[in-house]
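Residue numbers (full-length UniProt numbering), protein chains in the order written: chain A, 1 to 489; chain B, 1 to 489; chain C, 1 to 489; chain D, 1 to 489.
Some hints here could point you the wrong way.
A pair holds if it fits inside one copy or across any two, identical chains being indistinguishable in the list.
[To be verified] Below, in silico cross-link-like pairs of lysine-lysine (DSSO-like), each with a Cα-Cα straight-line distance of 30 Å or less:
no. : residue 1 : residue 2
1   : K354      : K252
2   : K76       : K376
3   : K186      : K387
4   : K159      : K376
5   : K159      : K230
6   : K376      : K137
7   : K76       : K413
8   : K413      : K230
9   : K252      : K411
10  : K159      : K137
11  : K230      : K354
12  : K137      : K240
13  : K76       : K159
14  : K230      : K376
15  : K354      : K413
Keep in mind the hints are simulated off the structure, nothing from the lab. Quick caveat: nothing in here was measured; it's all calculated off a predicted structure.
Protein chains: 4
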Amino acid sequence: MADADDTPFSSGADDRFHDECGVFGIFGRQDAAAIVTLGLHALQHRGQEAAGIVSYDGSQFHVERHVGLIGDTFTKQSVIDRLSGTRAIGHTRYATTGGAGLRNVQPLFAELADGGIAVAHNGNLTNAMTVQRTLQKLGAIFTSTSDTETILHLVATSKEKDINSRFTEAVRQLEGAFSLVALTAKKMIGCRDPLGIRPLVLGDLDGAWILASETCALDIIGARFVRDLKPGEMVVVTTKGIESFFPFEPQKSRFCIFEYVYFARPDSSVEGLNVYDVRKRIGAELAIENPVDADIVVPVPDSGTPAAIGFAQQANLPFELGIIRNHYVGRTFIQPGDSIRHMGVKLKHNANRKMIEGKRVVLVDDSIVRGTTSQKIVQMVRDAGAKEVHMRIASPPTRASCFYGVDTPEKSKLLASRMSIAEMADFIRVDSLGFLSIEGLYRAVGETGRNSDQPQFCDACFTGEYPTRLLDFEGADNVRTLSLLASGT
Amino acid sequence: MADADDTPFSSGADDRFHDECGVFGIFGRQDAAAIVTLGLHALQHRGQEAAGIVSYDGSQFHVERHVGLIGDTFTKQSVIDRLSGTRAIGHTRYATTGGAGLRNVQPLFAELADGGIAVAHNGNLTNAMTVQRTLQKLGAIFTSTSDTETILHLVATSKEKDINSRFTEAVRQLEGAFSLVALTAKKMIGCRDPLGIRPLVLGDLDGAWILASETCALDIIGARFVRDLKPGEMVVVTTKGIESFFPFEPQKSRFCIFEYVYFARPDSSVEGLNVYDVRKRIGAELAIENPVDADIVVPVPDSGTPAAIGFAQQANLPFELGIIRNHYVGRTFIQPGDSIRHMGVKLKHNANRKMIEGKRVVLVDDSIVRGTTSQKIVQMVRDAGAKEVHMRIASPPTRASCFYGVDTPEKSKLLASRMSIAEMADFIRVDSLGFLSIEGLYRAVGETGRNSDQPQFCDACFTGEYPTRLLDFEGADNVRTLSLLASGT
Amino acid sequence: MADADDTPFSSGADDRFHDECGVFGIFGRQDAAAIVTLGLHALQHRGQEAAGIVSYDGSQFHVERHVGLIGDTFTKQSVIDRLSGTRAIGHTRYATTGGAGLRNVQPLFAELADGGIAVAHNGNLTNAMTVQRTLQKLGAIFTSTSDTETILHLVATSKEKDINSRFTEAVRQLEGAFSLVALTAKKMIGCRDPLGIRPLVLGDLDGAWILASETCALDIIGARFVRDLKPGEMVVVTTKGIESFFPFEPQKSRFCIFEYVYFARPDSSVEGLNVYDVRKRIGAELAIENPVDADIVVPVPDSGTPAAIGFAQQANLPFELGIIRNHYVGRTFIQPGDSIRHMGVKLKHNANRKMIEGKRVVLVDDSIVRGTTSQKIVQMVRDAGAKEVHMRIASPPTRASCFYGVDTPEKSKLLASRMSIAEMADFIRVDSLGFLSIEGLYRAVGETGRNSDQPQFCDACFTGEYPTRLLDFEGADNVRTLSLLASGT
Amino acid sequence: MADADDTPFSSGADDRFHDECGVFGIFGRQDAAAIVTLGLHALQHRGQEAAGIVSYDGSQFHVERHVGLIGDTFTKQSVIDRLSGTRAIGHTRYATTGGAGLRNVQPLFAELADGGIAVAHNGNLTNAMTVQRTLQKLGAIFTSTSDTETILHLVATSKEKDINSRFTEAVRQLEGAFSLVALTAKKMIGCRDPLGIRPLVLGDLDGAWILASETCALDIIGARFVRDLKPGEMVVVTTKGIESFFPFEPQKSRFCIFEYVYFARPDSSVEGLNVYDVRKRIGAELAIENPVDADIVVPVPDSGTPAAIGFAQQANLPFELGIIRNHYVGRTFIQPGDSIRHMGVKLKHNANRKMIEGKRVVLVDDSIVRGTTSQKIVQMVRDAGAKEVHMRIASPPTRASCFYGVDTPEKSKLLASRMSIAEMADFIRVDSLGFLSIEGLYRAVGETGRNSDQPQFCDACFTGEYPTRLLDFEGADNVRTLSLLASGT
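So here's chain A without its partners, still in its complex pose (with noise of 0.2 Å):
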């Protein structure tokens, strides 16, 4: 989901893309509440502006949203206490720039003729305004600035019968990118859109069935990995078990190739693949396509070194923690003072200069976003005595914004979209600068290469190639009507 407030250009604080939701239900145990707790903790990597968690007890639901980290909101006995029940859906969402408070926190609950639903949602719609706005003609009243709560209303206002009916001809107006998991009173629901750009698994847990978008929420729990949600499928669970159902037109899979390079915890496989295996075949790719002599691989922590544990072992080259991640440092950003805020990368790394001092550095990093943390970090490791420093990316270059549930900037705030390598090598003042080619990031996956034709992947972000189209961004009917409420509680 995305606020309709923020634009899909803003940019978190720390110059990463950063996926905005994870979503974990389960249906048919004891304790229902607190085991989504634990599946959105594994999830929380996902998200870590807010939570929420609706459960049903068989007569009434219960809903607890709160701002803040899961392992602090949602770990008193009195809030799990509250939310009753053997069946339970989470959602953990990214801390957007604006903050627009509990209103839009997931799961969002709707009283409906017939009965509630609950509805979390990872992803981000493509067309929430303009059926927003139709269905605003016909008098529905939006509370939140949620493209979710759109969901909502076309279930509302299906004139279908029964709630697969309702929920089908609902995601079957949808564009964009979603994995949602609904709650009603009788059932669960799963469902990816036809180009499953984001992820959402099947698990089980000693019977009971579980939705989640990660393995690794189901590894915290011991529930087992059933499969991947197929894209376009929709699951519905009751207690008398699980249907699979397709509504929509069969398309050819875009997942987000995204979620490897970054998104995706390293432990969890997704679509198939373990992610820390694909991250260290992506640094071998890298080592082969930029080879560097050098003296040391050194990981920008945390996010590159699995790569560059990799790029080591294919380079024959020492790996070495050459700097070092202060892991207390994620909630300073969510409320930093200015002199703090100012002082800038050391918050969070340190450069370890014995390791560093006199050596041929190769530094490995995920991604380059505007590139302002790549300059302090590299600046960091020369202050430390760096004889040479080499950066290697662990994926193309970042040349366009995505539409599909991730935090970016705006396209000219990409450092790719307005400078060569060249340039950008300057701009960051690198001895060398490799980038893996899209080809490799394919090779990485699995693929022999990329098919221009048909990509296999969502690849947007490196290619401007959009899987759909992108119709509340396009035109002049481009209004974003709920911006008249600024903010509130």
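Keeping the supplied structure of chain A fixed, place chains B, C and D upon it in accordance with the hints.
For chains B, C and D alone, coordinates are given in the frame of chain A:
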């Protein structure tokens, strides 16, 4: 407004009836939200649980909603700063038993096809759930458990083009009590139900129009009282001035007579009468109807004080503060520890032994609800050495529940619904007990008597004669669908 | 007690003198801390900033100290549960300007060589800083800015063996006003300074001894009033009973006469007199000394009310609530936004136009401090249409600061210290102004008049005649060492 | 520092030893407190429960103490603004079991006869309670349960005239471990105990002197490392510069060798050695002493990582991230719900099945405390399909408690104190288990071996040979008087 998950029979903690809301709006004035804060502070006696303010700054709406007293939650500069603009409306609401959280705090806001609208509501609809079920079948999504949300949906789904017509169409479908203040990008709208059950006055502050529940909210900011809105009147304020409409079939006014007895602040003038003055006349009528040979007249503070003064003057007896109220008690009742709750009435009142010992005491109180408080106060006065205790009540016996926005116990818990006056005197252990007659009450408000064919006021709590249908509370269809969402944030 | 970093001249926000503390202790009763909570609630008028309770459970002391009202901070079950034991003492303190934080909230606790001791103090020492400097030179460490800590150090450094002797040695070194309640593992101790400036009463609850600032704190829990402690008396409560000691040279009592005028609650009896009754007599004396031809007598609520009733009865004029107080205002003054602060007095009071218009009004207030509030109230009454306004003050002009535990403005800011009565009448714009004479005040408290050689009360705020040395406030050595620690948590 | 109400045997939640504090001070720099905030953030790994900062602005001290992480509690502008001045010291402390509240958060401040003094302490005194009892008999009042308060009292009661002499006299009476940073109106003082058990370094930021626990706190702000303070050295910084003193009898250094094993940050250099480098050498020594035929080397992240890299390089085996750490877990352990606590180790770590399945795995961890964590991690690795699991521990078996400022379980709970290595291997269910020898550890830190007559380091946790008396923990006099005050705020 009222919560659907509160029966109208739920009860306050302190054995009084409670009005559930105060509303205030201003159009065309710098620091509009700060002004609204002051207005709501003056109306705090109409609701202490929570408050909200919505402002419009010319391009965007801003909303702040907080649990607690205005003086605690809306006095931070940061809160006021966020509520920018020259137009704002606000609402303060009573602490209901269930405490349904911020979802129900008003004003409610909705983004309609042609722009935002915020609504604040004093009163209670008697057909909200019936209307709601119809709307839900058409696909409407309800997110609060407040009857007020129904109004927003009716405006949203109206087929009319302009907001005046849409609002008119909406309010015509409502039954019950409603004094509304609404804010759109261009207009502030005020509206009273055709019976004018709840108050709403029009004021003026140096050219800025004001709508408020009571005149005391004008006084606090030095605004000029213009007039009461008429029953069934709708006023629309724009930058061009104010217009008046009458969307309903004309009906005879049925203003809530209990506003004079207890709800309104003594310094307010409502429907042309000063409340303190009416209460003194009530006391005088009470002394005439129920004379007693005694030494002193003692009010049950603070609500019994004006009537006690009137009684003492009429009876030519000394008025004495024989019971002292602890003014710090208010908040205790919000979160009392059990051990304190059971200590009972002395948290709030203490007998002044020196004044009472050996005296024949006339105790004057505004009403008897369950009788438990009266019982304790009488005991306290006896313990302080009173020779005789004569209770005089400044209203007729309260025998029926209110469905128009007042928190009342269910009928069976009203002492007067199950006991004769003699039995009640016995129950609260007084030497004599006298109530004001319904005719006496009508005389105190300036009538020659009650017109039993067409009563001049709503006096349903005394007579059980409700001036409207009670659609939601009749028949087999009385299902509370929203109770499915039990709790949440 | 008083803060060293508050000059005695600092001023409250609302133009009144303020007593700075209430104390309460109970020994030998289940739920002792819950009882203390109730006692402090009854004493809330003596201090609203913060409160603390220390209990002893037979092996350990427990302490809770919180900023805010008792009803807000000590009503949670968890707080009470932590304060286990059958013995507990508590303290509530006035909101001082600086807000020195939890460090200064009492009771103060210290671990001495022979066990713990907690002390709660009402009053103010006039030699605390002098003693403190001596102690510091011997190596004592002060951690609060409270004069009360001095008492703990004197007990700690006493060479006596048993706690009675140590405590006696300590209090003999004190000058100024102190009504103390202390708790050790074995004893509860109460002590009044030799002049008995501040009140302290002894009570009994089913065999459990109680010490409290005022009798209203006994009434709230149904405890029996035993007697006032005598000036200079020290009582020691153990499981064996109560013992009385007189550690000081006998002196004539000098009880604070302003306790009758304003500080004490009207339902309390202090030093044998009922406060409400004294205030009525004050009103009657005032009417005799300062008669006026008028239509109504109106109190400035709530502090002027008893005197106004007495005035009206004596003058045979109608007593009317011509000014209505908003009882929700209290907390507003704790954190007011600037825009609200400047709206001034109407936050708290509103004139009741209907009662006042066209009338000749006698306004009765308890005292005039700076005169700013009087000015605004008079203006408000004039704006409401009063034909004449006659101000009558229920005490002599306040011309001097208090150094005994009352928050007063510095002398130069006291209106009466720089203006004649005629000038004051002009300043507050009344048609006439009358104060009670000092002789009239003494008559109201039952004396035939003031003994100018040996005044029966401390009346320093009216006369400037201080009953003790003011060591800390004299000479060149008047350095506030503790002011070095400006703030903190 | 350590709390008296925590036995040194109390245990952390996560089966590791925990250093209890970090200290930082700066003298002569704009925004001193903001700089201290950054320094403490870099030292956050030394203590996460609470932190405090005291600044001096030329006339007044300011103190802020908060529970929580620096990045959460000291990043608000308002907090930093209150800490004005160009001199400031700070302290961060470990989450102890009892959680004794703000009373124990350092720096502690005292107002002495000649001015204020604040002290921050890393380490633990072994004679604090003995000294305290003596001081209490002389009348000293203790208000915290921290051993650090003893130091303040010794300074306060010193008969010496100037602060240098007073401080010297005080520290000479201390036994145990102490690295102190103190601030007075004129001076910043740093001092290490004569054995130099805890680290303390001197730095320089553009002319402003800095004292810090580790060099990483210099790096974060770009300060220059000057040198380690020498064991037994006391430095005094004034506006005139820095002076060095040696108040103690010279002794051979006994620096804590466990700082290299686990406590210090890998990018710090302590006592001349880079921590990461030492850990890699430890890993190499471990590989030499305990070779194993295996496929991959997997660290238990993050503490085992450097040793695992060293092991892998020495053994010429692939280093792989076979266990992924969830970096959001930290705060969960502060307030875990029961249902989550029992889910155990997977909150924090997950095995990366793809890397592990079918492999012979060498797991490298820094130490074994109770063994429960090791047991779970081994099980997790086996569940992920490992063919063999060989555990290698980067330190000797930990057999004894630490009394010098480290939170350790009591001796009987240390696995190595009650089992042989073979039994331990059985207990944690590994195919083989190897520890580094004590000689190997000494070699890794650059010694040729351990001098058993005069060990070069404090290695008491491995050998049980304590370098000081343990006065408070011997004999019948071991009474914890302060435990009388059980809790409180």
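Numbers of the earlier hints that this structure fails to satisfy, in rising order: Violated: hints 3, 4, 6, 8, 13, 14 and 15.
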